[in-house]
Amino acid sequence: MNYTMSVLSLIDVTKTYPDNPDIPALDINLFELRKGEHVAMIGEIGSGKTTFAKVAAGLLKPDRGAVQRFGSLLMYGRNQKFNLDKQVGYLSQKPEEQVFNTSVYREVAYALKFRPIPSDSYWKMADESCKIVDIDLSYYGNINPFSLSEGELRRVGIASNLVYDPELLILDEPAASLDLALKNLILARIFERYRSNNNSLILITHDFEIVLKYFSRVVVLKRGRIVCDCAPTDLVVREDFEAVTGLRLPFIARFYRELMLSGTRLKFQCRELS
Amino acid sequence: MQSTPTGTEEGKGQRILLELLDVSFGYKHEDVFQPIIKDISFQIESSEKIALIGHNGSGKTTLIRLCLGLLSPTSGKVLVDGLDLSDRKDLQSARKKLGIIFQDSYMHYFGSTVQEDVAFGPSNYYHDSWKIRELVDSAINVVGIDALRMRNPLKLSGGQGQLASVAAALASEPRYLFMDEPAVMLDVLNKEMLLSRLFNICEDLENSIIYITHYLEEISKFDRLLVLCEGELTFDGKPEDFVSSPELWAKNRLEMPSKFRLFNLIIQKLKSVNAMPHDLKIDDDPGVYCRLYRDIFGNELEGLLL
Chain H
1 MNYTMSVLSL IDVTKTYPDN PDIPALDINL FELRKGEHVA MIGEIGSGKT
51 TFAKVAAGLL KPDRGAVQRF GSLLMYGRNQ KFNLDKQVGY LSQKPEEQVF
101 NTSVYREVAY ALKFRPIPSD SYWKMADESC KIVDIDLSYY GNINPFSLSE
151 GELRRVGIAS NLVYDPELLI LDEPAASLDL ALKNLILARI FERYRSNNNS
201 LILITHDFEI VLKYFSRVVV LKRGRIVCDC APTDLVVRED FEAVTGLRLP
251 FIARFYRELM LSGTRLKFQC RELS
Chain L
1 MQSTPTGTEE GKGQRILLEL LDVSFGYKHE DVFQPIIKDI SFQIESSEKI
51 ALIGHNGSGK TTLIRLCLGL LSPTSGKVLV DGLDLSDRKD LQSARKKLGI
101 IFQDSYMHYF GSTVQEDVAF GPSNYYHDSW KIRELVDSAI NVVGIDALRM
151 RNPLKLSGGQ GQLASVAAAL ASEPRYLFMD EPAVMLDVLN KEMLLSRLFN
201 ICEDLENSII YITHYLEEIS KFDRLLVLCE GELTFDGKPE DFVSSPELWA
251 KNRLEMPSKF RLFNLIIQKL KSVNAMPHDL KIDDDPGVYC RLYRDIFGNE
301 LEGLLL
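Taken in sequence, the protein lines are chains H and L.
So that you can map any letter, position 57 of the first sequence is 57 in the working numbering, and since no number is skipped, the others follow by simple counting.
So that you can map any letter, position 105 of the second sequence is 105 in the working numbering, and since no number is skipped, the others follow by simple counting.
So that you can see chain L by itself, here it is in the shape it has in the complex (with noise of 0.2 Å):
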């Protein structure tokens, strides 16, 4: 079997988890082929963590659904620890290791307490009842949701029950943790924190998390980008490299967020001034950032980047 390089792998001696050979996938709409991936290879190794845009309509939630054998491609191959998810058998063994939060996860509840609906998962792969407590505990202690416990999962709200869907995809322990958009509903202070809860859990258990996000200033804080657009596998690489670049943006039809903007503009204008150095980074505190553009632009605001 052949791999393809992504040129982003560096770790030597890891075991190549994940891995995307050639995938198309398409509809056929009125006798026509409307492809919606077309031919797409990357790999995905251990404890990476990923974060995975593009425009509305790209093919993002169809992409991670191949990922996991909800959809058989077109053509080519997915492979996840070697087990080909076109097989049957392997697919079986082979969804162990995968978790998904859906975009729309309050649609797929089952159970009549938070609580039971975490423990889904556990109880289809373990016996041992003190395991599967474990297992539910530290999932609703880690995304911090202890007080909707006995909570009717049906009856929270849309950010709570974000959180409970977080909470029931990380109980069984996937290796390969997808998340569809899981903090659309969530203030910015919960964004946050499940962010960083999952990069811990992540570096813990040396699985992988794969983030579809349209909050694109959270990019920054990934290991590794991947976007898509149109279809089509655009960029993958340092999240910065994509930051820096307004060209790649638009070329992706992107927005850049305010966040971005300022930070280019404030590099730019450093580099224009005089060649020093700087030593500004994307995830500097506000008040780095404003302090270096008080010594820029003085007293003067230039425009609203809103």
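Isolated chain H, as found in the complex (with noise of 0.2 Å):
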């Protein structure tokens, strides 16, 4: 496959809510993820981040503009069926809202059922995954989802994300509730994973250590729009930072930048392959 092509375009694309009908909550020019690109997407709340994943991930149909996928436009409604969702994998911020099974096997291994693979390896793809997130299947296979805590039920979501190996990945938000160490190990090796298989990755964050970390390319929202689309150290330096995204930087982040415009040469190690 063609490394320069699209996996996901969105033209021209807007969306309001009914309860919010003077402020559009998506309102997208161009936006375009080739194959093998990972991107982070920050904004202040409510700057429409949630909103755009679920655009992007086809769960919510924009009021106007084409939302492209694969090469092919997405469709909506009755001719759903003739979208290529098997290749596109997404993570609520809010997992409860996605899980649905009664034990943590059948959740995990519950996007196997529609692929052409033999039941007798659902067990060892879905440990596989599990592992990636931390989660002993053996001990927490039996146990119903919604008996675990906010942490362990954001790694079984993500975890039945990554059993398929989806080419297009959009997490929203999936390190919150974890700790530290925790956050770190697994998106690390969700990281890797997608980099050694060469799929997109789309990641949701209010964290901006893991994007100066991990991701090449950042996109910022605010108020629906995209107001950049950079790397992100070149987003770090700006003088004009926090009036044009509306964050605050974290502190690492900012003394990075104080050291920076005072002159020291600093080279950001930035582990993503461009």
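These are calculated hints, taken from the structure and not from any lab test.
Accuracy of the hints is not assured; some may be wrong.
[Claimed, not checked] Simulated crosslink set (PhoX-like; lysine-lysine; CA at most 25 Å straight-line): (1) H:222 / L:155; (2) H:35 / H:54; (3) L:77 / H:61; (4) L:155 / H:54; (5) L:131 / H:131; (6) H:61 / H:35; (7) H:222 / H:113; (8) L:269 / L:281; (9) L:251 / L:221; (10) L:155 / L:131; (11) L:38 / L:77; (12) L:271 / L:281.
Given two chains presented individually in distinct reference frames, assemble the corresponding complex, making use of the accompanying hints.
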């Protein structure tokens, strides 16, 4: 497959919610994601990040505009069955919204049923993806997902996406309610896996440290619009960062910024292949 | 009744408010008793700002549920202003003093507008509609969500929803406000704003805040830190003492955030270069860190701390 192939493009997409009719939740002229590209998405609260994720995942129909995935237009309603949905994974920021099976094993292996995979390899595949998120399937396998803690449920949600290796994975706040050690461990494993099989990834987060650490491209949303689409290191040193993004940098990024502005030569170690 | 000294209370004459006495809790899993909370004792006095941290699955949420009387301890006692939570009558009156923001706060809305949702707490305690209105207004103002007042809480974004549930918890002015990661979906600016506003309220109303967080950079702003590790209370003291000890972090299976690593790096270097007393505080501006860093390391950057 061609490297430059577009995995996802949003063209002239708008979405407005009925209970907030004055301000569009999403208003995007053009967004494009290529095969194998990893992009982080940040923005202040209510800036449209989750709406973007839902539109990109095909869960929400935009008021206007076209969403193209893997070269074909996304369809809604009765024509939905023609979409190539099996190639796209989505993790909601509220994992309770998407978990519905009665045991962790069933939840993780659910997506495999719809794919040409022999059922005797379900357990092995489920176990493998559970290992990525540090869930021991032999212990958790029969437990009802709704009796898990928030952090465990989120990890199960991630595992149920990773199990079928979607070509495009959209993760909405995957690291919320995980402690720092676990967060770093799990995210590193996911990025590693996605880089090695050259699949695309969209990560929505508030954590600019993750963005600096793993990404070579960041998209900033503000009031539904893309206000910035560049490398995170270029974003950090911008004088008008707070005015443009409406965000505040975390401490360590502000420290690096001070260093760079005072003339220290600093090369960010970006682990993303570009 | 014996009270257990924890070594952190200094205020004499202050009335001890919330008290945990040798509290243990566990579940039976396949006929084996699995302890989750092991023999925890501590006291919370008025206007204390407490951060509670611990690795995933260390029992933080369970501990909070025990403090609220939502779970009964398998052994030990929880006393709120002398009221025993295992006593049903006492529990009723103690509940008025307790406030909670759950981890999955977005699952707990029931009003059709944010305003209605915030008014639910106060309208259970007061009949005077003027008073209710005042409480709702002040809670909404404090959190700064005036623009969301008439929105449907279920249609809010993750971060907006979290702010709405903070307002709802504040409206009934609880004496002990427990917050289970109220800020996970907030950006840095909103996190800092929320925390400073909560601290202001805490000082004004003399109530206490118990704040669970995984965003560990915040802990240096609190008066007191509780650390849970595998169901045991392993640390109870000043956050600064915890921050400066990498061994404690490792022992509690926690990873140090980059800010504290930087802080410790600078302090260590300062100590080894010369024994001069340093004036760096954890909560200093990044500019201060930067100046010191350049003084020590010059124009070379020694590895990245990310």
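Inset, instruction - List, from low to high, the hint numbers that the structure doesn't satisfy. - result: 3, 5, 7 and 10
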